[in-house]
Amino acid sequence: MNIIASSTSRPTARALTAEEKHEIDHEMTLYPDKRAVGLEALKIVQKHQGWVSDESLMGVAEYLGMSAHELDGVATFFNLIFRRPVGRNVILFCDSVSCWIMGCDRIKEHISNRLGIDYGQTTADGEYTLLPVPCLGDCDRAPVMLMDGEQHRNLTAEKIDQLFAQRALNKEASESK
Amino acid sequence: MAKITVDGIVYEVNPQNNLLQECLSHGLDLPYFCWHPCMGSVGACRQCAVKQYRNADDKIGTVVMSCMTPASDGAIISIADAQAVKMRSSVIESLMISHPHDCPVCEEGGECHLQDMTQMSGHNYRRYDFKKVTHRNQNLGPFINHEMNRCIACYRCVRYYDDYAGGKDLAALGAHHHVYFGRQEEGTLESEFSGNLVEVCPTGVFTDKTFSEHYTRKWDLQTAPSICTGCGAGCNTTPGERYGTLRRIVNRYHHDLNGYFLCDRGRFGYGFNSSDNRITEASLVSSHADEKGVRKPLTQQEAQRQFDALTAGDVVGIGSPRASLESNLALRARVGVKNFYAGFSAEQQRCMQAVIAINREQGLHCPDIRTLEQADCVLVVNEDITNTSPRFALALRQAVRNRAAQLATDARIPLWQDAAVRELAQNELSPLFILSPQGTRLDDVATETFLSTIAQQVALLSAIANTIDASVGTAATDEDSAEQARRIAAALISATKPTIVSGTSAGSEALIHATANVARALRKYSVQSAAINLCFAMPEVNTMGLALLMEEGGGTLDEALQRLARGNADAAIVLENDLSLRTTPAAIDAAIAGTDSGSAVWVVIDQLHNSFNARAQLLLPVTSFAEQNSTFVNYEGRAQSSHQVFPADAALRPGYEWLTPHDPLSPLLTTSETILFHSAQTLAAFAGAEKLLPPRTGMQALMKSPRQLHRYSGRTAMHAHSNVHESKQPTDRQSPMAFSMEGLSLQKDSSLLSAAWAPGWNSNQAISKFQDEINGELKQGCKGVHLLQRTLPPQSAMAVNSAKAGKKGTFVVYFIDHIFGSDELSAKSPAITARSVGPYLCIGKSEATALGLHQHGLARVSNGDHVVELPVLIRQRIAAGAVGIYCGAEINRHLFAGSVSVAPVNEDDNVLARSRQMFSDLIINDSLINNSESGRG
Chain A
-2 MNIIASSTSR
8 PTARALTAEE
18 KHEIDHEMTL
28 YPDKRAVGLE
38 ALKIVQKHQG
48 WVSDESLMGV
58 AEYLGMSAHE
68 LDGVATFFNL
78 IFRRPVGRNV
88 ILFCDSVSCW
98 IMGCDRIKEH
108 ISNRLGIDYG
118 QTTADGEYTL
128 LPVPCLGDCD
138 RAPVMLMDGE
148 QHRNLTAEKI
158 DQLFAQRALN
168 KEASESK
Chain B
932 MAKITVDGIV
942 YEVNPQNNLL
952 QECLSHGLDL
962 PYFCWHPCMG
972 SVGACRQCAV
982 KQYRNADDKI
992 GTVVMSCMTP
1002 ASDGAIISIA
1012 DAQAVKMRSS
1022 VIESLMISHP
1032 HDCPVCEEGG
1042 ECHLQDMTQM
1052 SGHNYRRYDF
1062 KKVTHRNQNL
1072 GPFINHEMNR
1082 CIACYRCVRY
1092 YDDYAGGKDL
1102 AALGAHHHVY
1112 FGRQEEGTLE
1122 SEFSGNLVEV
1132 CPTGVFTDKT
1142 FSEHYTRKWD
1152 LQTAPSICTG
1162 CGAGCNTTPG
1172 ERYGTLRRIV
1182 NRYHHDLNGY
1192 FLCDRGRFGY
1202 GFNSSDNRIT
1212 EASLVSSHAD
1222 EKGVRKPLTQ
1232 QEAQRQFDAL
1242 TAGDVVGIGS
1252 PRASLESNLA
1262 LRARVGVKNF
1272 YAGFSAEQQR
1282 CMQAVIAINR
1292 EQGLHCPDIR
1302 TLEQADCVLV
1312 VNEDITNTSP
1322 RFALALRQAV
1332 RNRAAQLATD
1342 ARIPLWQDAA
1352 VRELAQNELS
1362 PLFILSPQGT
1372 RLDDVATETF
1382 LSTIAQQVAL
1392 LSAIANTIDA
1402 SVGTAATDED
1412 SAEQARRIAA
1422 ALISATKPTI
1432 VSGTSAGSEA
1442 LIHATANVAR
1452 ALRKYSVQSA
1462 AINLCFAMPE
1472 VNTMGLALLM
1482 EEGGGTLDEA
1492 LQRLARGNAD
1502 AAIVLENDLS
1512 LRTTPAAIDA
1522 AIAGTDSGSA
1532 VWVVIDQLHN
1542 SFNARAQLLL
1552 PVTSFAEQNS
1562 TFVNYEGRAQ
1572 SSHQVFPADA
1582 ALRPGYEWLT
1592 PHDPLSPLLT
1602 TSETILFHSA
1612 QTLAAFAGAE
1622 KLLPPRTGMQ
1632 ALMKSPRQLH
1642 RYSGRTAMHA
1652 HSNVHESKQP
1662 TDRQSPMAFS
1672 MEGLSLQKDS
1682 SLLSAAWAPG
1692 WNSNQAISKF
1702 QDEINGELKQ
1712 GCKGVHLLQR
1722 TLPPQSAMAV
1732 NSAKAGKKGT
1742 FVVYFIDHIF
1752 GSDELSAKSP
1762 AITARSVGPY
1772 LCIGKSEATA
1782 LGLHQHGLAR
1792 VSNGDHVVEL
1802 PVLIRQRIAA
1812 GAVGIYCGAE
1822 INRHLFAGSV
1832 SVAPVNEDDN
1842 VLARSRQMFS
1852 DLIINDSLIN
1862 NSESGRG
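Those protein sequences? They're chains A and B, same order as listed. Each residue of the first sequence is one higher than the one before, counting from -2 in my numbering. Each residue of the second sequence is one higher than the one before, counting from 932 in my numbering.
Simulated from the structure, these hints should not be mistaken for laboratory data. Treat the hints loosely; a few may be bogus.
One side of the interface only, derived from the structure: several residues of chain A facing chain B at Cβ under 10 Å [to be verified]:
| hint | residue |
| --- | --- |
| 1 | R7 |
| 2 | R11 |
| 3 | A12 |
| 4 | A15 |
| 5 | L36 |
| 6 | G47 |
| 7 | W48 |
| 8 | G70 |
| 9 | V71 |
| 10 | T73 |
| 11 | F79 |
| 12 | D115 |
| 13 | Q118 |
Predicted, not measured: the structure shown is a model, and the values here were computed from it. All C-beta atoms, glycine included, are put in the ideal place defined by N, C-alpha and C.
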């Protein structure tokens, strides 16, 4: 619905990129109803933009012919649709029961100290965001965390140090190329 | 009928309903939150748990949600069962976990469904001592406060606002313990029916912002049953007063009309009552040589004496469609029928005559609002009902869901299974066709909206009638409109309850006849020869009442003004009417010049100051709807009583009291009742109206009903700042109600029900205790008296003159109405003013481009003689060759009726910024999408 009620201070819809549109169009062929694509469209935008800004939300809503209010209901229902900017790497750290028994609190403390961030925060350089997650389905190898789509198991402080050191090295290498 | 057993007692129930509804219908107390009589069940809150047993031998039973369980024959349940009681008290304890302890400062307190249900469920001690979840609130505009911390997450608000009222901008955001009901971004709630959230929300999340300005507890308000004066729909309201000012308006249940819901104009448009614009004293322009032209205040006695002296001779009386029937009758009696003139234009009077004739014709039926909700195919002709008769629009949003009801019935899903029915139906809606010069706010649920000028609409209606019945109307000339006519005709023919809704806003008699012709043609196909539903929205509260009075003789406004211009009268009395809204300034100037030359005087009786009554010699202040007893006749011809809520300031009197010569020797006290009784006896148009008067028998003859609740406080102290002696309560000699707590209180009798209250039920949801069943009629309720009888035989279709085409290079003008601003009185209420916009021009994209007009820029609009500069709103959805003008309070619409030419004006950035700001507050639907196209991949 195109309701004329726009004041200058409010965010306005961002035009979706051709790539985003192309992927959303594909999803549309799979559902009888445009609005059913809402969640997939938000995931597509997040894949490309890293997160879903108000402008992106409005852009998607406009593209699907639904109200931004309704779509935000979908977006905010799911914890992993990010409505605030996140770092380039999102660490999903399990704090559920098996990991807790296996001492995940200490590991989390270690990560927090190393990166200088707590749950829900992003490092100043925009590299990492740390989020708690209830269970990654790998309880026999707890503690577990997910970073960059890769599951890291049987975590220890040493493993964490290795991991971040390795990443820093990799990053340096790719920058010097 | 089926039988169920509740705690050992057998009740007769309707097996189509659920257990909760049937328990409430039988007066049992069973707590609930998410269920609403109009919105069915979703089983979200778990508060209505009861124990159900499989059979008489089952002693263990299972706990079920009564709202989700059908009241099937033989069901055995227990409300009092210990396990069910325990369950309900645990549920309320969980719901209350984050609820603040702020009842003393909460505006819902004292009429809070949550308070009532908490008490009923037996939760009184807080065991949870962790931090409560808190939220940030949003500014939702001038009507509604937002206090999310109080939310118990019953989801009623979104189910009402989005699902029932078709709103798009309130959503359930977030999940589990931090679910948040609000907008995606802060801002004014866009729905025209947002105010009902105040009553739908079981607690204080959504409260009335206008009421906050001068808040009073429900039990301290003085109330009386009243009728909304916002339009001609006749919705029932309960205004509340404290310390001499009107504090708020809430819904009053009427089975046939408004049900549980009002529009925002009706709910928030009461502020004009205490506005600075109110005429508070009588005044007379002096005619003495030394102080000529000076307006001097008068006492009431002086004013009455002057009034009687100045209007002793041959007097022209001009009535009003916004004044009560009694005041119009009193004016007519005072000046005589040959001197009585309608307060509306000749054009409107002709339209009204046509509408009344149609409403007397057999084979047609004027649907009440509940019947509108039951229509399975609707054709809306020209009238922008969301803005002129808003409650109709809410009803049509229910009508389009009859398709869902049909699908659910076929799938054997009970209709109260709200979520299941919606899930089943998805985007399926019953057909709704709209003919309109511009996109409307109902387009999102319309099958098709045909953008067309009046002339095109008349032609299309003729073609529809012709398609239905070849002997009627004229076939379409081009293939496109023939195809459109076929689509609409086919849908109307295949419907079992086809319904046509129009109005008189266009002022076109041809359109009214063309609309009626479609209904007449449809009779051929009507199921079991049922009458065809056809109704016309009325712009003002008593338009129909005045039109009926004019059936008994009298002239038009134009005749009155011409007579005055000729100097052929000693005085003119104008009753509650701003004539500058009814005719051109030239006509008024001529009439005033005519009276000046003959030294005749103008007497205006009115509520608010305006540019017209500033010119009257004698100005008399009149009481508002809340300060007098009145009868108003709605669009159906249903006369309803509106009772005085509180005594007005001593200087103010009802119109009928000013007008009826006071004879101290007469034994008859002239009251609204005696005037109504007398006219019911003497005027054929009002035969039967005396049935509105309260019975004078039995207890009621001896005792009055209280206007104040039994808990009303402060009566002995509220005047203590001026006098330490307790003042006597004002006496009311005119009505069956008293300005007091004493009297025959209404425990079961709804004949004078204002604020519903029942033991344990302090919120408005106590209304279920006064209904004979849930959603049923009120016990002993008065639904009004139908004055229009279907006495004329069915008419054949009338020939319709096609409207004349405009000159080349000009545009056909249609006038835009806005729910906030188009009604003269409510527009002066601060909350409504905050939502109103100034005058503007609407034009289509291609026309604007051709003329060189910019969005939000300025245009010069001219009809040859008159020119006005207006901000431009370029719309996508507008009939070709037409321009819309919204007049607001500034522009006289009679100057620009017909056709106009439009030219661009050079605007500067200031102008652009100003109009952009203005248009940012305007909520219209300019979407290119209709329902049939939306939601499809």
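Exercise. Can the hint on A:D115 be confirmed by a CB-to-CB distance to chain B that is less than 10 Å?
Worked result: violated, 18 Å
Problem set entry | Supplied contact hint for A:L36, tested at 10 Å Cβ to chain B | violated, 13 Å
For this session: Have a go at the A:T73 hint: is there a Cβ in chain B nearer than 10 Å to its own Cβ?
Result: holds, 5 Å
Exercise. Going by Cβ atoms only, is A:R7 closer than 10 Å to chain B?
Worked result: holds, 6 Å
Exercise. Minimum Cβ distance from A:Q118 to chain B below 10 Å?
Worked result: violated, 18 Å
Problem set entry | Agreement of hint A:G70 with chain B interface, Cβ distance less than 10 Å | Holds, about 4 Å.
Problem set entry | Interface hint compliance - A:A12 to chain B, C-beta minimum distance less than 10 Å | Not OK, violated: A:A12 not within 10 Å of chain B, min 18 Å.
Exercise. Are A:F79 and chain B close enough, Cβ to Cβ, to be under 10 Å, as the hint says?
Worked result: violated, 14 Å
For this session: Return the status of the interface hint for A:W48: holds when the least beta-carbon distance to chain B is below 10 Å, violated otherwise.
Result: violated, 16 Å
Exercise. Taking the least C-beta to C-beta distance, is A:G47 closer than 10 Å to chain B?
Worked result: With a minimum Cβ separation of about 20 Å from chain B (threshold 10 Å), the hint on A:G47 is violated.
For this session: Closer than 10 Å between Cβ atoms is the bar; does A:V71 clear it against chain B? Give me holds or violated.
Result: With a closest approach of 9 Å, the A:V71 hint holds.
Problem set entry | Evaluation of the interface hint that places A:R11 against chain B, nearest CB under 10 Å | violated, 15 Å
Hints 2, 3, 4, 5, 6, 7, 11, 12 and 13 from the list above are not met by this structure, while the remaining hints are.
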